[in-house]
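**Student:** Protein chains in written order, with the numbering used here: chain A, 8 to 305; chain B, 299 to 632.
These aren't lab readings, by the way, just hints derived from the structure by calculation.
Just so you know, not all the hints are guaranteed correct.
Chain A regions said to be covered by chain B (calculated; three or more residues, Cβ under 8 angstroms) [unchecked claim]:
hint, stretch
1, 93 to 101
2, 104 to 117
3, 143 to 151
4, 243 to 250
Far from chain A, some chain B residues (derived; all Cβ distances over 10 angstroms) [claimed, not checked]:
hint, residue
5, GLY316
6, ALA341
7, ASP427
8, SER436
9, PRO441
10, PHE443
11, ARG455
12, ALA494
13, GLY571
14, LEU575
15, ALA592
16, ILE593
17, LEU608
18, ASP620
Here are some, though not all, of the chain B residues that point toward chain A, as calculated from beta-carbon distances under 10 angstroms [said to hold, decoys possible]:
hint, residue
19, TYR302
20, ILE315
21, THR368
22, ILE416
23, VAL420
24, TRP536
25, LEU540
26, PHE612
27, TYR623
Glycine included, each C-beta is placed from N, C-alpha and C at the ideal position.
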Amino acid sequence: MLSSTRASAISPPRRAGASYLRRSLRLLARIPSAWIGMAITGALVIVAAAGPAMAPQDPYHISAASKLLAPSSAHLFGTDDLGRDLLSRVLTGARISLAVGVVVLVLAMVLGVGLGLVAGYWGGWMDEAIMRTTDVFLAFPRLVLAIAIAATLGPGLSNSVVAIALSWWPWYTRLVRGQLLSMREQEYVLAAVSLGAGRPRILLQHLLPNVGTLVVIQASIDIGFAILAAASLSFIGLGAQPPTPEWGAIIAQARSYMEDAWWYPTFPGLAIFLAVLGFNLLGNAVRDAFDPRLRSVT
Amino acid sequence: MAAYVLRRLALIPPLLIGVSLLLFVLTHLIPADPAKLIAGEHAGPAEVAAVRHAFGLDLPLPEQYGIYITRLARGDLGVSMLTNAPVLGDLLQYFPATIELTAAAMLLTVVLGVPLGILSAVRSGGAIDLAAQVLSVSGLSFPIFFFGILLQLVFVRDLGWFPLSGRLGIVTVPPPHVTGLYVVDSILAGNRADLASALRHLALPSFTLALTSLAPTVRITRSTMLEALSQDYIRTAWAKGLVPLRVFVHHGLRNALIPVITVLGLYTSGLLGGVFLVELIFNWPGVGLYSVNAITAFDYSAIMGTSLLLTMTFVLVNLGVDLLYAVVDPRIRY
Numbered sequence: 008m009l010s011s012t013r014a015s016a017i018s019p020p021r022r023a024g025a026s027y028l029r030r031s032l033r034l035l036a037r038i039p040s041a042w043i044g045m046a047i048t049g050a051l052v053i054v055a056a057a058g059p060a061m062a063p064q065d066p067y068h069i070s071a072a073s074k075l076l077a078p079s080s081a082h083l084f085g086t087d088d089l090g091r092d093l094l095s096r097v098l099t100g101a102r103i104s105l106a107v108g109v110v111v112l113v114l115a116m117v118l119g120v121g122l123g124l125v126a127g128y129w130g131g132w133m134d135e136a137i138m139r140t141t142d143v144f145l146a147f148p149r150l151v152l153a154i155a156i157a158a159t160l161g162p163g164l165s166n167s168v169v170a171i172a173l174s175w176w177p178w179y180t181r182l183v184r185g186q187l188l189s190m191r192e193q194e195y196v197l198a199a200v201s202l203g204a205g206r207p208r209i210l211l212q213h214l215l216p217n218v219g220t221l222v223v224i225q226a227s228i229d230i231g232f233a234i235l236a237a238a239s240l241s242f243i244g245l246g247a248q249p250p251t252p253e254w255g256a257i258i259a260q261a262r263s264y265m266e267d268a269w270w271y272p273t274f275p276g277l278a279i280f281l282a283v284l285g286f287n288l289l290g291n292a293v294r295d296a297f298d299p300r301l302r303s304v305t
Numbered sequence: 299m300a301a302y303v304l305r306r307l308a309l310i311p312p313l314l315i316g317v318s319l320l321l322f323v324l325t326h327l328i329p330a331d332p333a334k335l336i337a338g339e340h341a342g343p344a345e346v347a348a349v350r351h352a353f354g355l356d357l358p359l360p361e362q363y364g365i366y367i368t369r370l371a372r373g374d375l376g377v378s379m380l381t382n383a384p385v386l387g388d389l390l391q392y393f394p395a396t397i398e399l400t401a402a403a404m405l406l407t408v409v410l411g412v413p414l415g416i417l418s419a420v421r422s423g424g425a426i427d428l429a430a431q432v433l434s435v436s437g438l439s440f441p442i443f444f445f446g447i448l449l450q451l452v453f454v455r456d457l458g459w460f461p462l463s464g465r466l467g468i469v470t471v472p473p474p475h476v477t478g479l480y481v482v483d484s485i486l487a488g489n490r491a492d493l494a495s496a497l498r499h500l501a502l503p504s505f506t507l508a509l510t511s512l513a514p515t516v517r518i519t520r521s522t523m524l525e526a527l528s529q530d531y532i533r534t535a536w537a538k539g540l541v542p543l544r545v546f547v548h549h550g551l552r553n554a555l556i557p558v559i560t561v562l563g564l565y566t567s568g569l570l571g572g573v574f575l576v577e578l579i580f581n582w583p584g585v586g587l588y589s590v591n592a593i594t595a596f597d598y599s600a601i602m603g604t605s606l607l608l609t610m611t612f613v614l615v616n617l618g619v620d621l622l623y624a625v626v627d628p629r630i631r632y
């Protein structure tokens, strides 16, 4: 029996891969919000890539003569309390926020997926130890833990990135482990074992690609929230420090002047909103297209 | 039921030990030498060594953790460097304000979110539905600290409807302390002026905080309502000739509530995290503001105490949510 089904038993997920990807992408293209999300995130990526080159003025240039100017043709978004051009600062900030979102996710994914693979495949005491550790991390409200870690590490952009990643990895560990537990006993894994494949090979060659889809879906949903969390930490004063044109940090500085200058907190705020919205729309669409079973419960 | 509650409660101590261990490890990751921080900038090496010894910072780490956890068990969270008072006392003083804020946000979430979700399910595809869906996607993406600032710009600066910050007017005398929740205390004291002032101050912060939980509540109520409304027993209810309100609320909503409660419990996490941001914006004297002030002063005991308190709250709320299931759905027994 094994000989007749071996070929298909070992490789179905890989072989189904290409058509699954094509089918999912076709589904994705049919979701209107996916296009809106893609347009917004696309614009964000372009702005981030262009960086300061796109800014009409030097985002750090201080000018006493142009303090707190209302939006005009010279300064589309107005100026801040030090006379810096807000449009330039908001555009420059795109690169920071995008980089932060990506780095947080990569860190959380490497740690979370790695530990999830170990827990789910080895099982035993290692599983127990890892999962009890995730219990502790998940007992904290997400932002509370990130704030506690960031406060301990000290203010700074890279510290806040580490803090958010450290508070996020358990979600990936749970996801991967849960998936592995159900895949471990599948025929193609048993077939690989009977062919004499070692654990690392089975893990990396057969299991990781299948968990990978789920992880990518989760990551596409999370990246918006990572950006949001980083902006929140900066707003509290734990993330990027002035004069860095990070959106959350700009809003924090704007608080003292908002009475007379509505534009000061408003434009960086809208920038955060748009960036997060773009990734959320795209992320939700990706989830719906790639995994209808996960279709939004929340 | 009692056995289940006991079993769940028994899980809390090991979890708290884990949480305290994590916080302990965190405080010892500090790049700066805490002894130097406590001794002050101008302290010589001998003074720093004395402080280190006095605070037990020269002991081996496991021993330090032993001391830390024994103190914790006695409710000793250390002394705040900022207020020079025991952290536990500070937290007890500031916590009622935070409870009032989160409870009000929770209430707003239910009172606004559930009916809006029902409406958009009942009129699925209509204008309300579309508006609710746009709102729930944008609500989740909106930074709450920016939302709070926008509310301040519109409702305080431009319209002048609400006060900018704080819990009561400057000249208002707080009601006699019973619960520490000004809204409750002023009702108990029968003081209408205080109640009005407390509610006016509470309005914007609680609405800001509710933003993150409102969006998913609308969404989940809508989708579970839609599912419930397509069931056979709803058709039966219509066939019996029941009035729409009774069909929707008694037959539909009751069966749609479980996932709604789950989401509400889940987003308590968001509420408790949002407390830091909202209290900072509205100068709301709760544990979030206390902790944010502590951050700038490198006051670790205060930060860790707040984190521990909010985490305990979160764990207890989750337990409460699980118990609520049994109340809403009589089929669930623990």
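**Student:** The structure should be examined with respect to each hint, and the outcome stated for every one.
**Tutor:** For each hint, the structure was consulted:
| no. | hint | verdict |
| --- | --- | --- |
| 1 | 93 to 101 | violated (count 0) |
| 2 | 104 to 117 | violated (count 0) |
| 3 | 143 to 151 | holds (count 8) |
| 4 | 243 to 250 | holds (count 3) |
| 5 | GLY316 | violated (4 angstroms) |
| 6 | ALA341 | holds (20 angstroms) |
| 7 | ASP427 | holds (15 angstroms) |
| 8 | SER436 | violated (6 angstroms) |
| 9 | PRO441 | violated (5 angstroms) |
| 10 | PHE443 | violated (5 angstroms) |
| 11 | ARG455 | violated (6 angstroms) |
| 12 | ALA494 | holds (25 angstroms) |
| 13 | GLY571 | violated (3 angstroms) |
| 14 | LEU575 | violated (6 angstroms) |
| 15 | ALA592 | violated (8 angstroms) |
| 16 | ILE593 | violated (5 angstroms) |
| 17 | LEU608 | violated (5 angstroms) |
| 18 | ASP620 | holds (15 angstroms) |
| 19 | TYR302 | violated (19 angstroms) |
| 20 | ILE315 | holds (9 angstroms) |
| 21 | THR368 | violated (20 angstroms) |
| 22 | ILE416 | violated (17 angstroms) |
| 23 | VAL420 | violated (20 angstroms) |
| 24 | TRP536 | violated (27 angstroms) |
| 25 | LEU540 | violated (29 angstroms) |
| 26 | PHE612 | holds (5 angstroms) |
| 27 | TYR623 | violated (16 angstroms) |
Checked against the numbered hints listed earlier, the structure breaks hints 1, 2, 5, 8, 9, 10, 11, 13, 14, 15, 16, 17, 19, 21, 22, 23, 24, 25 and 27; every other hint is satisfied.
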